Each structure stands twice: as C-alpha cells, then as structure tokens.
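K.L.:
Going down the list, the sequences are from chains E and Y. In the numbering used here, each residue's number is its place in the first sequence (first place is 1) plus 42. In the numbering used here, each residue's number is its place in the second sequence (first place is 1) plus 42.
None of these hints come from the bench; they were simulated from the model. Bear in mind the structure is a predicted one, so any value in this text is a computation, not a measurement. Note that the Cβ used here is the ideal one computed from N, Cα and C, for glycine as well. Hints are supplied without guarantee of correctness; some may be wrong.
Claimed, not checked - Computed list of chain Y residues with no C-beta within reach of chain E, every gap over 10 Å:
no., residue
1, Arg114
2, Ile191
3, Ala194
4, Asp363
Claimed, not checked - Computed cross-link-like contacts, SDA-like style, restricted to lysine to any residue with a CA-CA straight-line distance of at most 20 Å:
no., chain 1, residue 1, chain 2, residue 2
5, E, Lys178, E, Gly229
6, Y, Lys88, Y, Leu78
7, Y, Lys331, Y, Pro376
8, E, Lys331, Y, Gly310
9, Y, Lys331, E, Ser309
10, Y, Lys331, E, Gly310
11, Y, Lys178, Y, Ala168
12, E, Lys331, Y, Ala168
13, E, Lys88, E, Asp67
14, Y, Lys331, E, Glu308
15, Y, Lys331, E, His274
What the hints assert, rightly or not - To be clear about the criterion: a stretch of chain E counts as covered by chain Y if any three or more of its residues have a C-beta under 8 Å from a C-beta of chain Y, and this derived list gives those stretches:
no., region
16, 230 to 241
17, 360 to 370
Okay, here's what each chain looks like letter by letter:
Protein chains: 2
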Amino acid sequence: MRIDGTSYRTIWVDPEDGWSIRIIDQTRLPWRLEILRLTETEQAFKAIRTMQVRGAPLIGATAAYGLALAARQDPATDSMERAAAHLAEARPTAFNLTWALQRMLQRLRNTPRNERAEAAYAEAAAIADEDVEQNKAIGWHGLPLIAAIAEANRRSPNVLTHCNAGWLATVDWGTALAPIYRAHDEGIALHVWVDETRPRNQGASLTAWELGRHGVPHTVIADNAGGHLMQHGMVDLVIVGADRVTRNGDVANKIGTYLKALAARESGVPFWVAVPSSTIDWEIADGIKEIPIEERDAGEVASITGRSAEGSIVRVCLLPDGSNAVNPAFDVTPAPLVSGLITERGRSAASREGLTCLFPEQAR
Amino acid sequence: MRIDGTSYRTIWVDPEDGWSIRIIDQTRLPWRLEILRLTETEQAFKAIRTMQVRGAPLIGATAAYGLALAARQDPATDSMERAAAHLAEARPTAFNLTWALQRMLQRLRNTPRNERAEAAYAEAAAIADEDVEQNKAIGWHGLPLIAAIAEANRRSPNVLTHCNAGWLATVDWGTALAPIYRAHDEGIALHVWVDETRPRNQGASLTAWELGRHGVPHTVIADNAGGHLMQHGMVDLVIVGADRVTRNGDVANKIGTYLKALAARESGVPFWVAVPSSTIDWEIADGIKEIPIEERDAGEVASITGRSAEGSIVRVCLLPDGSNAVNPAFDVTPAPLVSGLITERGRSAASREGLTCLFPEQAR
C-alpha cells in the first residue's frame, strides 16, 4: 500500500544486488520508517523472533526468504532441513510459518542441488506474490460487507478492528484491512475504530500508522472501549485477522479478540474474520482445547515504548515494584461468535460445512 | 489498610492543626507516596478534577471536606451553596459527589451560622467514618463468596478485578477489594488478577500497588487477557466496584467492565459488584439510556506515564503523528450480566426486587 504516496511491500529482494532481502523494521514503527537488509538465515530468524516482522502471512514469507538465504549458502538437503527446523522455532503459534517452510522444503527436495538457490528464491517470491493476490481477493470479497452498510445507512460505515492485520502483517494489502483499503480506494467514505491492542500496542502503533499513511480516517481507542461503542450503535462491523482457524471455524487471534466477539454478538454487530486459506488448520477442530497459546514475556505488560516530549523513544515501566504480570498472546474465539470468514475464494460460514464448500480439496 | 505495615486512610484532618485536610496524591502512585495538604475549597476541587483523589466514595468525602474548608472561610448560605455547586462540577459521572454535597448542605442549612464550620467538619467526618464502616461491612458480606470457593476447590481462589475499587478509591478498605482484604486478613490464601485498566492504568498502578503494600498475592494482566483466562478456568470470581448502579441493577463502572461481564457469563464465572448504597441511583432505571458517560481527554489514550530505566517519571506518546483517539471513561453492564451486588447491608440480586429488599426505605 502507500506510505505518504509511495507504494511499498513489507518484504522484497533488493533490486540492486538481486539476492539480499529487505524488510521494514516494524519494531521502529510508528516512530521511524527503517528498512533492514537481511543477508543470513539467522537474521530472518531474529526478524521473526523479535517481531521486526509479524503477522502470520509476513512471517511465512520471511521464513521462505530465510530459507532462500540458506540455500544460497549451502543447498545440501540436511543443511536445508536444519535451517527450516530452526526457522520453525522462531514463533510457536504462527501456522503459516510451518506451512511456508514445508512448501519450500518440498520444492527444494525435488530440485537438483545446483539449482536449489534459484528455486528457493523463485518459491519464496511465489509465496509472497500469492499472498498479495490472496489479500487482494480478500479485499474484493469483503468489500460488499462495507458497501452494503454504506448503502443501507446512508452514512460512513464504522468498522472496528483489533491488533494489526493490515498490509504490514502481510506482504501487501493485509487481511482484515484489505476490504477497508479496497472500500477506501473505491471511494466509499468509511471510518475505522482501531483497538490499541495492549500489551504490544500493534493497533495504536501499526494499524493507526498504516491507515494514516494511506489516508484512511480512523480513531484509536483503548481495548476496553469497544463494548461501549457497540452498545451505542457506533460500530457497524468488526473485521479482524487470525493466526489460526480450525476446520470447525474457531479463530485464534491476538489476545482480546474474543472479548470483542462477545460484545459484537450481544449488540448484533457482524463479526467477520479475514484469512487466507493458509491460515486454516485442517488438522484440528476445537480451538480452545487444541491450539497452544504462546505465553510471551511479562515485560510486554509491565512496560511500554513511546515517544517522550523531547522526541526520544523511551521504554517505561508501568508496574509498582514487587508486582508481576503474565502475558498470554492470543485467545480463541469459538466459531458460533463468528459471523463468517472472508477468504481469497469468497465468504463462508465459520463452520466445517462453510469451509468445506470453499476448500473441498483441503477438507478431509 | 496497611502500607508496608503502617495503617493509613486516604483522607484525614491534619492532627497538628486540626483543620487542614490531608490526602494521598494518587497521581504520584505507584512511584511516590506523597501526602498533600488542602487548605482551600479550590484545592479540593482540583484534587477531584485532576484525580489526585478518585473513586466514588473518596470523591464524596473529599467534596464534603472541601465544603468544610469553605464553611470555615465563609459560612453564609449563598457562599456554601456556590461552593457546593462548584464542587459538584469537578466530575460529571460520580453520583456520590452530589450525594455528599446534598447531605452537607442539608446539615448546614439547619445549623446556626456561627456553628457551621464545626458542623461541616463533623458531617464530613461522619461521611468518611460511615464510608469506612460501610466498606468493612461489604468486606464481611463478600467474604463468604471467596471462602466458599476456597473450600469447594481446595485451592487458592483466583479473583479478577478491574480498575481500582480498593481502599485508595474509598476512605478505607475499598469496595471490590474489601472482601479480598477481609479474606486475606482472615487467613484465606487467594490470588488476584489485576486488569491494568487502560487508559489510566488504575489497575496496574493503584490496585497492584495497594495489594502489594498490604501483602496480597496478585498478577497484572492486559485488559485483553481476562476472557482467555476465564475460558481456561483460571478465574473463579470477578468482583468490581461501580460508579453508579440504577434501581434496576444496571452498573456503570470503568470502561471495559462490561466486556469482562460478558466473558464471565459465557464461562459461568460469578460476576459480583461491590457498592455502598450511596452509589445506587434510585431515580433511574435503564443504565445504558440514562447514565451520561464522561468523555475524558483523548490524551489519556494517546499517551501513558511510566518510569524510565533511569528512574524518572516520563509521559510518552503512543500514537503516530496524525492519529487521534477518543476516550469514553465508563461503560454500563446491564443487570442480567451481574450475579449480584455486595452492599453494606448484605448481598442482593442486581434487580429492583433485590435492591428493594435490602433498602425498602429508599425504594419508591
């Protein structure tokens, strides 16, 4: 999407050398737009682990390019497999991570050793390009939900989103934000409520930043405010992304998503989840019982980073001495709370039947 | 309650001069324990407005002492009434504020002018002492809820609370925390989940501080985490305070309370609201339609205060340039989501019938 008029993706091969990988360092946002250069697999691992890149699809693309960097260095099968196993450990919950690595390994195993580096770059590029095409399609399939509200209410639709499932979380367009960007670009006036999304504040720092840079009207709210806004008719539609969707339609997404789903049901607000099909885990059914929830560092709750009055970026502690915190990073929204899924093939009910209709070849 | 072994109240008459008012400056917590001296009504107004004191009962007591300071300076009826009208404007949502001022004015109107200053101090002291007695009673009436869980589960009960309805929000004991302090002091091992309570973080900075100083085990969580913890059986009981309760049992409390109530119902977790009867507004029935919700400064969402690595207290901005925020300060939890109310007279259903049984003389 656009940053103040210039088009960007979140990951690309450096056009000057043709092999090193460029990413936007998202830990610097919204304060600084800093482009990093990755030349080794370990840097890709670190970029994923430290959340310089985040969001399931972008994590997958970064892991794929990380394996391409490994193939360039040593294309031996056991070396490839070691690199993939290492990259897979960078984040425990992201399903796309293992999906992308499996796909890369399969391609590489079927490729002669001396062609593997080239094949790896081609496959990583395909993963990135397919993500962009998928997200564009999600945008088109989500657009009618927003357009219908604009038409029915004869005023700007208010869409609430949680965390960042924007273009920064993907290679381009985003998942949850793809329909929003599409609607905006189609000339539908709309307004986005952005949950700040504690503890890491991806809403306040990333979603607000990317919507602002692209020119989409938005307002940041505390995560606590969404229920109140829905009670008072100030939210027409919720769209969030997901880190994993079970074959029954249960949705694992950033901690706090579940609370918004409960409030949406209570106030009759449609609650949609935008996901590429790579996010669907056909192996598991019950999200609450079967999806492992990453427990992240308590320091993310105990402290926060912001800009001081003098303009420096400061991390401040929020807790009294002697108080501790815990930090579950995701929660699971059971399928009955989900109005539907927006995928690259269209919209479906959040159920085994709905998903099977759209993806018959994947359902078992 | 105790601060590292020493007993405190949140407001008291200075024992040295016998007339100036002492308060704990809660905007300095949890970083510094700073005791302020109030000598003029305007300082009491400012203390309420800037949240140096907060919490419905403490706001009421501070307004009462603010009027006592006014009576000492000029006990004329119109001067009293002007001071009361001014103090009433310090915070729009707090029902106790007008309740305490009405009570003070009634006493003063029926008192000869030359005795008004003394009468005002006596009435303010009565309001403060009655608050302490009420909260103690709330503690006793809430205790069985915690004791029953400890007995049934044969492990430490996990109690979740939102915002700060502890002794810092009252004159002593607190409302939501009174049963917790009582259980702790009675030797029941328990653990408290403390919602950080964005945007002002009263949970992370005040509830965690006062629980820690008194020695109650607790863990701070992002406001987003409560639903996940309840889904997984990690919360046995929710107790929150309230800023206003309608005669039908609807509960206005800190923004985000409603989301926790939804999650509690979904997971079968009891959701109790601890309030002194002065918080009940018998004039209104429908909380969502009739309770005006204070909209506070967007800067509270856009920035946050914490302690830097060097130990200085820093306010940092959290939003990208060009992004705005809104900040509704309270939400309303409809009575059907409330398991019951804990008052100074006992526990009741959150309904007109329940409240009428406990307070027949106030019901109309």
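K.L.:
Give a verdict on every hint.
P.N.:
Hint-by-hint comparison with the structure:
At roughly 36 Å, the least C-beta separation between Arg114 (chain Y) and chain E is larger than 10 Å, which holds for a residue marked as non-interface. The Cβ of Ile191 (chain Y) lies farther than 10 Å from every Cβ of chain E, with a closest approach of about 20 Å, so its non-interface assignment holds. With a least beta-carbon separation of about 23 Å from chain E, Ala194 (chain Y) lies farther than 10 Å from that chain, consistent with its non-interface assignment. At roughly 8 Å from the closest C-beta of chain E, the C-beta of Asp363 (chain Y) falls inside 10 Å, breaking its exclusion from the interface.
About 16 Å separates the Cα atoms of Lys178 (chain E) and Gly229 (chain E), which keeps this hinted pair within 20 Å; it holds. A threshold of 20 Å between alpha carbons decides the hint, and for Lys88 (chain Y) with Leu78 (chain Y) the separation of about 12 Å falls inside it, so the pair holds. Proximity of Lys331 (chain Y) to Pro376 (chain Y) is assessed by CA-CA distance (about 11 Å); at most 20 Å being required, the pair is judged to hold. With a C-alpha separation of about 17 Å, the suggested pairing of Lys331 (chain E) with Gly310 (chain Y) holds against the 20 Å cut-off.
Between the alpha carbons of Lys331 (chain Y) and Ser309 (chain E) the distance comes to roughly 14 Å, so the proposed pair stays at or under 20 Å and holds. Annotation: proposed proximity of Lys331 (chain Y) to Gly310 (chain E) holds, straight-line Cα distance about 17 Å (limit 20 Å). Proposed proximity of Lys178 (chain Y) and Ala168 (chain Y) is supported: the alpha carbons are some 15 Å apart, at most 20 Å. Among the hinted pairs, Lys331 (chain E) with Ala168 (chain Y) is inconsistent with the structure: their alpha-carbon atoms are about 54 Å apart, more than 20 Å.
The straight-line distance between the Cα atoms of Lys88 (chain E) and Asp67 (chain E) is roughly 11 Å, inside the 20 Å bound, and the hint therefore holds. About 16 Å separates the Cα atoms of Lys331 (chain Y) and Glu308 (chain E), which keeps this hinted pair within 20 Å; it holds. With a C-alpha separation of about 9 Å, the suggested pairing of Lys331 (chain Y) with His274 (chain E) holds against the 20 Å cut-off. By the rule of at least three residues with a Cβ nearer than 8 Å to a Cβ of chain Y, the coverage given for the region 230 to 241 of chain E holds, with 5 such residues.
Under the rule that three or more residues need a Cβ within less than 8 Å of chain Y, the assignment of the region 360 to 370 of chain E holds, with 11 such residues.
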